[in-house]
Amino acid sequence: MLFFLETVISGLLAGVMYSLVALGFVLIFKASGVFNFAQGVLALFAALTLVGLLSGTTPFTHVDNPALAMPAWAAIPATILVMVLIAVLVERFILRHLVNQDQIILFMSMVGLAYVLEGAGDIIWGSDVKVIDLGLPQGAWDWLLDSHGLYIEKIELVAAGVAGALVIVLAIFFQKTRIGRALRAVADDHQAALSVGISLRTIWIIVWSVAGVVALVTGVMWGAKSGIQFSLSLIALKALPVLILGGFESIPGAIVGGLIIGVGEKLAEVYGGEVIVALFGRWIEIDPGIFTATENWFAYVLALVFLLFRPQGLFGEKIIERV
Amino acid sequence: MKLRKWIVTAAAAVVAMPLAIGSASAYELTIPSMDYRTGPYAPNGIPFANGWTDYWTMLNERDGGINGVKIKVVPCETAYNTKQGVECYEKTKNEGSGALVYQPLSTGITYQLIPKASVDKIPIHSMGYGRTSAANGKVFKWVFNFPATYWSQASALVKYIGEQEGGMDKLKGKKIYLVYHNSAYGKEPIRTLQELSKKHGFTYQGLAVDHPGQEQKATWLKIRREKPDWILMWGWGVMNQVAIKEAASIRFPMDRFIGVWWSGSENDVKPAGEAAKGYLSGAFHQPGSNFPVHKDIVKHVYDAGKATDPAFKDRVGEVLYNRGLVAAMWASEAIRKAMEIHNTKELTGAMMRDGYEALDVDEARLKELGAEGLTIPVKITCENHEGPRKVAVQQWDGRQWKIVSDFYEPDMDVIQPLIDEDSQKFAKENNITPRDCK
Amino acid sequence: MNVMTKPTITEDHRTIGDVQMEVKNITLRFGGVTAIHNTSFNIRHGEIRAIIGPNGAGKTSMLNVINGFYHPQEGTITFKGEERRDMRPHIAATQGIARTFQNVALFKGMTTLDNIMTGRSLKMKKNIFWQILYEGPAKMEEIENRKFVETIIDFLEIQHIRRMPVGKLPYGLQKRVELGRALAMEPELLLLDEPMAGMNVEEKEDMSRFIIDINEEFGTTIALIEHDMGVVMDLSDRVVVLDHGELIADGTPDEVQKNQDVIDAYLGVAHD
Amino acid sequence: MFYRESGQFKTGYAADQAVFPILQDRWGVLLMLIIGFVGVPLVIDDYWANAVFIPFLAYSLAALGLNILTGYCGQLSLGTGGFLAVGAYSSYKLMTGFPELDMILVLLGAGAITALVGLLFGLPSLRIKGFYLAVATLAAQFFLIWLFYKVPWFYNYNATGQITVPPREALGFLVTTQKADIVVRYLFILSIVTVFAIAAKNMVRGRIGRSWMAIRDMDIAAELIGIRPFATKLSAFAVSSFFIGVAGALIFSVWLGAAESGETFGIIESFLVLFMIIIGGLGSVLGSFLGAAFIVLMPIGVKNVLVDWFGFTAVFAKHVEITTFGVLIIFFLIVEPHGLARLWQIIKEKMRLWPFPH
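Chains as they are written, first to last, in the working numbering: chain B, 1 to 323; chain G, 1001 to 1438; chain A, 2001 to 2272; chain P, 3001 to 3358.
Careful: at least some of the hints might be erroneous.
One side only, chain P facing chain B, incomplete, derived with CB under 10 Å [claimed, not checked]:
id, residue
1, Leu3123
2, Ile3128
3, Tyr3132
4, Ala3134
5, Val3135
6, Leu3144
7, Lys3150
8, Leu3282
9, Phe3316
10, Lys3318
11, Val3320
12, Val3327
13, Leu3328
14, Phe3331
Okay, derived cross-link-like pairs now, PhoX-like style, lysine-lysine, Cα gap no bigger than 25 Å in a straight line [unchecked claim]:
id, chain 1, residue 1, chain 2, residue 2
15, A, Lys2125, A, Lys2080
16, A, Lys2147, A, Lys2123
17, G, Lys1428, P, Lys3179
18, A, Lys2125, P, Lys3201
19, P, Lys3201, A, Lys2126
20, P, Lys3093, G, Lys1428
21, P, Lys3179, G, Lys1138
22, P, Lys3201, A, Lys2139
23, P, Lys3201, A, Lys2147
24, P, Lys3179, G, Lys1425
25, A, Lys2108, P, Lys3348
26, G, Lys1379, G, Lys1345
27, G, Lys1121, P, Lys3179
28, G, Lys1227, B, Lys154
29, P, Lys3129, A, Lys2108
30, P, Lys3201, A, Lys2123
31, G, Lys1313, G, Lys1070
No lab work stands behind these hints: they were computed from the structure. For each residue, glycine too, the CB sits at the ideal point set by N, CA and C.
Pulled out of the complex, with its shape left as it was, chain B reads as follows (with noise of 0.2 Å):
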């Protein structure tokens, strides 16, 4: 019962991890209706950024110099000031010419944007692992794991802080702020938002901003369990069926859709295997080991058939087609 209890706080908090990256595609999604898929690259790159500057790492040549190295309260903002230029370009050069074109193009378009990252973030810091260290936590919590032998790992609980923290602050920069309001406009209507007087450019730029942070902060969490490397754009993929359990538009929807991926594929993972044996191993030699390695697509599937009895997701309404 505790090993099962353990498993479900374990799937939990990997969720939340999900979520996190799951965050930034509906924001941008939210705001101009295009599918990041650059969002994992964009996580890898804040993080290689954050790492360099730390560390001091001359651009290009990729030899550390600690003479340059920032200190954390300098690198941050630094980091956060670069994505926000990266916001801006990516205004500039892509989504200003793509104006409403189909989503497809858009998609497209960002899949580009993601092999331009990499290729620049190889460039200009490196394709080795690096290892962070902003003074995170690391290991299992001891106490918990001593007196009570219950097992979690105190980074994933700084990062289901950290996400839960993320979460109110956008949600008070949406409800409470100027800005932040234009910005549910122009996810219901470009025109409303022009209205508030704010160009749509501008927005995208902030909502790109806002997503470069989020990156930031994903790309930190992961990159404190595996090193910072190139691998560390793939989690993307983690976060696809989170949005389509959780809905493309809804914040909520891809903090719960995360938690239950989480929980689903861990549960799947650690007892698939003795559930298949014990349902068909009486006719048949099973290996217990057949049902490993499922995270990949056990998520896609389990979001999969969710949608099958809830076409519109978690929070979404039922829509009635009009002709």
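Mind docking chains G, A and P on chain B? Use the hints.
What follows is chains G, A and P alone, placed relative to chain B:
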């Protein structure tokens, strides 16, 4: 035929893709370098590629090549991708006077090249990876996989475990789990371990991790619950780093966690930091840069400004760097042997193959090469392309890797039948009559 | 109310036959909103039947019920003697109900010709293997249907835009192509949802002429929704008036025009 | 000047419905076929065949398949890699299970099996649309790849899960393995692709093609004229998967000779094929070929130019190549979102009118 050749050249020139700017000047030994400095596995590809390339550059700079013949290294970026690997192979195989040997550096690419090699008559050295049954030189004339295969390694690592437990008979009732990359590479040791578990009576269980392996919490929860006595890992890329961290988090004893030799580099343990202390991995060569050959490389390559990757200077001597270096060293020795056998300085791939098959680098020769103790002596024969089959265990002490055990020989009673079976299956499928090695 | 029930010959010598479609006690709700409430009327062979009413009266919903796109909670639809709980789009299509839409629903990426050819889908039976082969039966079938489509193109006078993607056509022409696509189905009952919306006087005259010609030459029954009262009164044999989802009048144009409820509805008099 | 249709009168609907109604187009296509079947074999060598022509043809077929589903029927799919894998593994099972089978039958069998799998994964399209469907097709991608690793039956219980092609003949010519003559392999794949391209063209200009496009443009209206959306979508999934399955079988048996599910048919393949049809042109047979040519040739071209001409190091060139790839994709999307095929059409329009601009 002449016309066809002429048209080929013309077409190549016109369509602006110079395949072979054949320098009509002096003969050079063409050594392709199948790098992967990009993509998800770049962190592992970079040190190897540097070790491989630096050694050749050093030979050119220090000795003016081999027996006076300059070496031309032709890099081609595969990004660890099979299709790009094939493109690289086709592009470089006719470069200059023809490629002499391929070090494909990926199991996927190796499988592609095995059938091509025998047709194009270029040897392949898949050093410690690729198709295990290629150890059978009777069937796989053009493929070499010394100094040891995955199967040998799996067996050697089990021997190490047995020794630690106080004898092979103590393995009975123990649990040995394998955490593996869900790919052809990761599945290599499974059959060997299954056979060994039958023989020694330990419980074996495989746990697959899907590419890329960023998230493996469930796998480690399972391990936490089932408490195996030992874990072996056939991991690759980001999977290694995450696994080591997770193992540390669940407080699995690191000195009972052994990686394959592709899961035992500085990259793999660094993100885990202190927590990785005690982690073990397979090895067939020493890490470190205190060998004379390294000093020569730093002097003739890095300090002379001839390095392809100058920023790498401080990392010379890393595990994967030395692996690339050792591979190049063996290849250069094969070149010398080939020149000796055929009494010519202008080698072809076919001659090079003969050089590999006659390769004999003993302790004395290693010393001459400035690599005494760097690796094990290698002697290849017609029927045995796997050579010495010796594997040691190295340990991460928090700052660097160190070999902490003897070199173990695998249990050939178990492995030889597996090799015979698999190679004969290949021979049958492809209508190959095994050579007579007399 | 004077509801005609027997076959009659109109002044312009058309034959109006038996009841073709009977809509009985239809109630349609979306969630809590009732779009149509307990509405019954019929459509007779060969007539031009208009459905009118103020905005939001449930006219388009009614058409959607008739060709099976919406499924009413209560009521029945009888078409060609078969009584159904509700209609299904493909049954409607196979039984000869065709339709145009309020906001042109053409296939924007296809040419005029291809759009109208899609209307022939149900008439083309050759399976996928013949189509892959193309030469032979599939080609014969294609040409046969193409000939039919060309007569429609001639009839609607749109030869010059045959090869143009419809997305780029002006609105009036799009409406005409849409009519062509519906005609290609050789329908027995043609539903037109505001066929003249957004047209200038000249275009409206053209469209009226087409509607009359279709009705007279092919004998097609037509049910149309239209806001332009002049057109409705000119064209239709009988008129149904809906308001707030309820039927408030049914009869000849003259009768309907004089009906007090109708006048109130159009003048916006509050219901009590 | 030379590209005119004046003076060419059509004398019947048959002529008007021909694939290439304009004479010059017919000559152009004929010329391409002559070059493809006669010219290229004269000059082809291993590099050009294995790195350029065979991949180009195999990917063209895959792109054609995806274009039927996405370009013609409007169902976005990211499962192409998985379906390619189904084609490859089923061809492997057919080749090893029935050694006597002619390669052509093996390909058709692999296509049919993939079509069935495609039907299965097309079922969700009944209820979900757009990006939701696209992400759902990723389930197919990941699940199928996993399956081919996990179930040993698919790779005949060999040690690793790598499948290697056995030597097989088509109509008496050896077409697989390295021992097959490179020209024969090239001509084999070219013939297959040509036949499938014609089949695709015939389908898209007939009733079934119009049904697909109707569903793509407005499924509700299509339903109301008697086109059943679900059956039509499923037919697109089946036909598309058939094409992709054959392409996967060709990639495995004729091009690479060995394959490993995740390595050869990973998610990246799904994106590459999608790129091909978007850059080439959605809903265009010609576009599938142009897109495949662009995606196959671009990286090789950039690499050769950078490394051989400008002497960049291989690794820097690779990074530049990745970046350039991204930039070019964005550039093309901005300049001509309807793809190279549309660009070609515009050029033709211009030539038709030349030298008079209006």
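**Violated constraints from the hint list, given by number and in increasing order** = The structure conflicts with no hint, since it agrees with every one listed earlier.
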